[in-house]
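Since the structure of chain A is already known, use the hints to place chain B on it.
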Amino acid sequence: MSGTRAFVVQRVSALYMTLFIPLFLLLVWFLPPADYAAWRHLFATPAMALAVALFFFVLLLHAWVGMRDVILDYVAWHVGVRFTLLALLALGLVGEGLWLLRALVPVVLL
Amino acid sequence: MRFLIYRYDPESGAKPHMQPFELEPSPGMMLREALLRLKAEQDEGLTFRHSCGEGVCGSDALNINGTNGLACITPVATLRQPVEVRPLPGLPVIRDLVVDMTQFYGHYRAVKPWLQVEGPEPEVEYRQSPEERDRLDGLYECILCGCCSTACPSFWWNPDRFRGPAALLQAYRFLIDSRDGAQEQRLAELEGPYRLFRCHSIMNCTVVCPKGLNPARAVGLIKRMMVERQL
Chain A
1 MSGTRAFVVQ
11 RVSALYMTLF
21 IPLFLLLVWF
31 LPPADYAAWR
41 HLFATPAMAL
51 AVALFFFVLL
61 LHAWVGMRDV
71 ILDYVAWHVG
81 VRFTLLALLA
91 LGLVGEGLWL
101 LRALVPVVLL
Chain B
1001 MRFLIYRYDP
1011 ESGAKPHMQP
1021 FELEPSPGMM
1031 LREALLRLKA
1041 EQDEGLTFRH
1051 SCGEGVCGSD
1061 ALNINGTNGL
1071 ACITPVATLR
1081 QPVEVRPLPG
1091 LPVIRDLVVD
1101 MTQFYGHYRA
1111 VKPWLQVEGP
1121 EPEVEYRQSP
1131 EERDRLDGLY
1141 ECILCGCCST
1151 ACPSFWWNPD
1161 RFRGPAALLQ
1171 AYRFLIDSRD
1181 GAQEQRLAEL
1191 EGPYRLFRCH
1201 SIMNCTVVCP
1211 KGLNPARAVG
1221 LIKRMMVERQ
1231 L
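From first to last, the protein sequence lines stand for chains A and B. Take 1 as the starting number for the first sequence in the numbering used here and just add one per residue. Take 1001 as the starting number for the second sequence in the numbering used here and just add one per residue.
FYI, nobody ran anything at the bench for these hints, they're computed from the structure. Backbone N, C-alpha and C define an ideal beta-carbon position, used for all residues, glycine too. Worth double-checking, as some hints may not be accurate.
Some, not all, of what chain B presents toward chain A, calculated at C-beta under 10 Å [stated by the list, open to error]: (1) SER1051; (2) PRO1159; (3) LEU1190; (4) LYS1223; (5) ARG1229; (6) GLN1230.
Here chain A stands alone, though its shape is the one from the complex (with noise of 0.2 Å):
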């Protein structure tokens, strides 16, 4: 991904970004889950769990091609340190995207 694709996908995510975060906080503003097991069903209700997973989906494609663009630019200096740099984002990004999966998942299985 890289180019037109990148430049795209960043796009796409900031809009899709922009759209969910405040309608997110205004269903919890005004219709606040009363206990756990409230957030639990909230999160468990097909339509959220799409939204939030595709949240966090965006969110990782956003950050990726962001934090790329920066390496891209300032570590344009040596080929091997930005490769390790590329390196180290994408594994962080991939990790950071199981490590939400194994949150998500149970709540929405449960």
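Just chain B now, with coordinates in the frame of chain A:
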């Protein structure tokens, strides 16, 4: 009037330094004239490029008090003292205020800044409607002084791979020319993470352009064409 001018002589082996000068300005004096007088009256070794003296040739682009501009159309009376004059940033210095613009021209050449026509040549001249011609306004006027590209942080970071605002402005000038038939090849050449997409709309290019052009807008429009090409 006090000046601080960047001096570098590669043959001396000495490090670059800022040399102070003093000069009594004449009314309406431009920086180019001040440099010419300093050279004639105080230090014949002072080296800088200049030619037309009226903002047309683009030879005397310099970094003046931290901002790129053309010395010939910069009135000294408007400048804060001491007037710090340096070579354009981000390019190798050959001597004093003269930079090596090979890389800059290389990027310009890479966007193939000429009309490429597909099919047989017409028997009459290539025709354009007034509206089609109007689309070239704000693009063709570029004098390739280099103020924009050398003010661009993305160009400082990746001067070998990022085309830079000057070359991209010309890329757009030919992309939207109704007579050009190589739009697909031109866009394909700009694909990838570096050549076009290192631009983050910092907009230094537009701020410093001595001809009042807007390379940042042209880059944004090329990005839009790139996206539309993918759809």
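Return the numbers of the hints above that this structure violates; sort them in rising order. Number 1 - this is the single hint that the structure violates.
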